[in-house]
Amino acid sequence: MGNIIVLVEHRRGEIRDITFEMLMKGKKLSESTGRPLNAILFGNNVGGMAEQLRSRAKRVVLIEDQKLENFNSETYQQALRNVIEGEKPFLLLIGHTAFGMDLAPSLAALLNAPLATDCIDVMVEDNRIKAIRQPYGGKVNVEVCLKPAEQSMVTVRPASFSVEEYSLDGEIIRVSSPVTGESASKRFVEYVEAAAGELDITQAPILVSVGRGIKGPENIPVVQELADSLGAVLSCSRPVVDKKWLPKDRQVGTSGKTVKPKVYIAIGISGAFQHAAGMKGSGTIIAINRDSKAPIFNIAQYGIVGDLFKIVPALKGKIKEAFG
Amino acid sequence: MEIIVCIKRVPETADADIVIDKTGRDIEREGLVFDINEWDNYAVEEAILLKEKYGGSVTVISLGPEEANETLRKALAMGAYKAIRLTDPAFQDSDGYAIARILSRAIGPLPYDLILTGVQTEDDGYGQVGPTLAEILQIPHASIVNKIEAIENGRARVHRELEGGLDEVVDLELPAVLTIQSGINEPRYVSIMGIRRVAKIEIKVLDLHELSMKPDEAGEPGSMTVVERVFFPPTGEGAQILEGTADEIADKVISILKEKGGVA
Chain X
1 MGNIIVLVEH RRGEIRDITF EMLMKGKKLS ESTGRPLNAI LFGNNVGGMA EQLRSRAKRV
61 VLIEDQKLEN FNSETYQQAL RNVIEGEKPF LLLIGHTAFG MDLAPSLAAL LNAPLATDCI
121 DVMVEDNRIK AIRQPYGGKV NVEVCLKPAE QSMVTVRPAS FSVEEYSLDG EIIRVSSPVT
181 GESASKRFVE YVEAAAGELD ITQAPILVSV GRGIKGPENI PVVQELADSL GAVLSCSRPV
241 VDKKWLPKDR QVGTSGKTVK PKVYIAIGIS GAFQHAAGMK GSGTIIAINR DSKAPIFNIA
301 QYGIVGDLFK IVPALKGKIK EAFG
Chain B
1 MEIIVCIKRV PETADADIVI DKTGRDIERE GLVFDINEWD NYAVEEAILL KEKYGGSVTV
61 ISLGPEEANE TLRKALAMGA YKAIRLTDPA FQDSDGYAIA RILSRAIGPL PYDLILTGVQ
121 TEDDGYGQVG PTLAEILQIP HASIVNKIEA IENGRARVHR ELEGGLDEVV DLELPAVLTI
181 QSGINEPRYV SIMGIRRVAK IEIKVLDLHE LSMKPDEAGE PGSMTVVERV FFPPTGEGAQ
241 ILEGTADEIA DKVISILKEK GGVA
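Top line first, the protein sequences correspond to chains X and B.
All residue numbers for the first sequence refer to this note's numbering, where the first residue is 1 and numbers rise by one.
All residue numbers for the second sequence refer to this note's numbering, where the first residue is 1 and numbers rise by one.
If you are wondering where the hints come from, they were derived from the structure by calculation, not from laboratory data.
All of these numbers come straight from a predicted model, not from anything done at the bench.
Glycine included, each C-beta is placed from N, C-alpha and C at the ideal position.
Check before you lean on any hint, since a few could be wrong.
[Said to hold, decoys possible] Here are a few chain X residues that sit away from chain B, every Cβ distance over 10 Å (derived from the structure):
id: 1; residue: E64
id: 2; residue: P114
id: 3; residue: Q301
id: 4; residue: I319
[To be verified] Derived lysine to aspartate or glutamate pairs resembling DMTMM-like cross-links, with alpha carbons at most 20 Å apart:
id: 5; chain 1: X; residue 1: K310; chain 2: B; residue 2: D251
id: 6; chain 1: B; residue 1: K53; chain 2: B; residue 2: D93
id: 7; chain 1: X; residue 1: K215; chain 2: B; residue 2: D251
id: 8; chain 1: X; residue 1: K27; chain 2: X; residue 2: D126
[Unchecked claim] Which bits of chain X does chain B cover? Going by a derived footprint, with three or more residues having C-beta under 8 Å, they are:
id: 9; stretch: 17-29
id: 10; stretch: 35-44
id: 11; stretch: 79-91
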């Protein structure tokens with residue numbers, strides 16, 4: 001019977017949260033299907049990580065090789081192909097992250113394995129693998145069924161599963177590296193840190209944050225004034241940075257900053273998961289959006305459904321009166 | 001340098017009311033406004049910037065019905081030289097894998113040094129078509145590219161966007177597939193006059209037969225995943241909605257701020 005396998009994701013010496021989230025889901029699937037839960041760990045000098053994972057999986061398959069020190073989808077693909085021949089996974093879970101998005105699709109094509117990407121849940125019913133995806137920016141859920149196959153793959157959206165305490169007494173299995181040579185067609189060069197911005201939005205007690213709904217750079221001053229009247233800092237979602245309406249150091253979300261202010265006021269932000277991941281730990285979230293079905297209203301405590309261009313000026317006026 | 005860009009016409013749903021259609025397996029498209037997928041717009045711009053820097057030409061390809069011509073013409077107006085549309089009733093309900101396979105059959109016979117796609121689409125959001133296409137064509141790929149640093153000696157040096165503001169620099173042998181991240185450039189504006197100027201350029205149309213494909217290689221039979229049902233996400237408790245006039249709502253927000261925000 002095929003295993004349930006989680007591919008461990010780590011970067012610069014740290015196991016990433018998605019790994020524990022996938023192991024949590026994997027453990028539940030392992031219990032409901034009776035299939036063993038294994039973790040596969042690639043890297044160089046990562047024995048400590050294997051120890052750390054021993055309590056979270058039945059087996060930790062460890063392959064160490066200098067050529068696996070930094071992530072390279074081609075080297076990983078070569079190594080995984082070999083390991084999978086021995087492991088015969090029924091289901092291989094990989095994170096839907098910058099790591100998994102570079103690896104899973106081409107690996108699935110190579111193995112001729114069905115793949116469902118960016119899934120927020122995975123189920124096994126009568127040996128059929130089903131998954132829930134969230135297309136259209138999170139506005140609808142879709143249940144997909146993977147074609148029956150010996151081995152299947154699912155990439156998992158970060159923060160889809162909360163991690164509970166459990167402890168397995170797993171064993172570490174060292175496997176010799178199947179990587180034969182350096183990949184010539186794709187080479188890892190280096191990591192580059194984003195230039196530190198002038199502003200640190202993570203320290204602000206109140207954030208007034210704007211999204212695509214602000215429509216144009218000419219409308220930024222209105223929200224800046226609102227922020228000023230509250231003694232708050234102005235931040236934003238990704239589209240605002242992509243369009244160069246505000247600089248990158250103001251961006252909240254997966255590819256920007258994670259913030260936890262006392263109050264977060266989201267203006268014209270739909271609340272896609274990449275944004276939510278960066279702000280859902282805020283104390284109180286107030287959202288203003290035209291669309292009553294916007295995902296932001298699922299994480300906000302207070303919602304205002306309406307035209308931000310009417311509400312923001314009214315709010316600014318009242319705040320000046322109240323706190324002037 | 002020959003560059004191919006894969007683009008898609010998608011419904012804009014960020015501000016729209018979504019309705020699930022009668023089949024229960026898709027959303028109702030009637031009444032929605034369509035445009036080029038945002039990530040693809042950045043990919044087209046990047047291709048044109050590369051052409052301006054290194055010479056060569058840009059070809060755009062889209063899989064879709066006749067309406068997809070609008071999207072292709074927009075790319076032509078931006079500076080693409082040729083456009084190809086892939087269409088067939090058998091392509092309906094293709095998943096990310098099947099889409100990549102159809103694209104690979106169209107691209108295979110063409111000359112190319114670089115293939116660009118968007119990181120993902122606004123509608124299906126698979127984020128898999130580019131790297132899958134690369135694997136089928138047996139060429140390298142890099143996904144989530146937010147900077148193309150240099151192209152020289154048959155190799156490309158690009159930045160991949162990782163989480164939390166970190167980039168990874170990779171060096172690839174050409175030809176290669178790059179999936180382009182939003183924000184990599186500032187896509188040029190296309191005027192109605194600009195679109196009119198390219199109205200007469202012929203868009204080459206290819207169907208299943210012309211791509212030498214069998215019906216079971218596309219659509220649902222050629223896909224690895226099948227949609228069973230579409231439903232609205234469970235809302236949980238959701239937000240407490242503040243109602244009233246703009247002024248009344250403002251008063252309510254102020255009392256929340258006083259209570260929760262420590263604003264005096």
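Status of each hint after checking the structure:
1. Look at X/E64: its CB is around 21 Å from the nearest CB on chain B, clear of 10 Å, so calling it non-interface holds up.
2. Listed as a non-interface residue, X/P114 fails to keep its Cβ farther than 10 Å from every Cβ of chain B; the least gap is roughly 4 Å.
3. Separation of X/Q301 from chain B is inadequate, the least Cβ-Cβ distance of about 6 Å not exceeding the 10 Å criterion.
4. With a least CB separation of 6 Å from chain B, X/I319 falls inside the 10 Å interface cut-off, contrary to its annotation.
5. The suggested pairing of X/K310 with B/D251 holds, with an alpha-carbon distance near 14 Å, which does not exceed 20 Å.
6. Proximity of B/K53 to B/D93 is assessed by CA-CA distance (about 38 Å); at most 20 Å being required, the pair is judged violated.
7. The suggested pairing of X/K215 with B/D251 is violated, with an alpha-carbon distance near 26 Å, which exceeds 20 Å.
8. Only pairs whose Cα atoms come within 20 Å are accepted, and X/K27 paired with X/D126 is accepted, the gap being roughly 18 Å.
9. With a cut-off of 8 Å between beta carbons, the stretch 17-29 of chain X has 0 residues touching chain B; three or more are needed, and the interface restraint is violated.
10. Evaluation of the coverage hint for the stretch 35-44 of chain X: breached, as 0 residues show C-beta separations to chain B shorter than 8 Å, against a requirement of three.
11. Remark: the stretch 79-91 of chain X is not confirmed as covered by chain B, as 0 of its residues place a Cβ nearer than 8 Å to a Cβ of that chain, below the required three.
Of the numbered hints stated above, those contradicted by the structure are hints 2, 3, 4, 6, 7, 9, 10 and 11, listed in ascending order.
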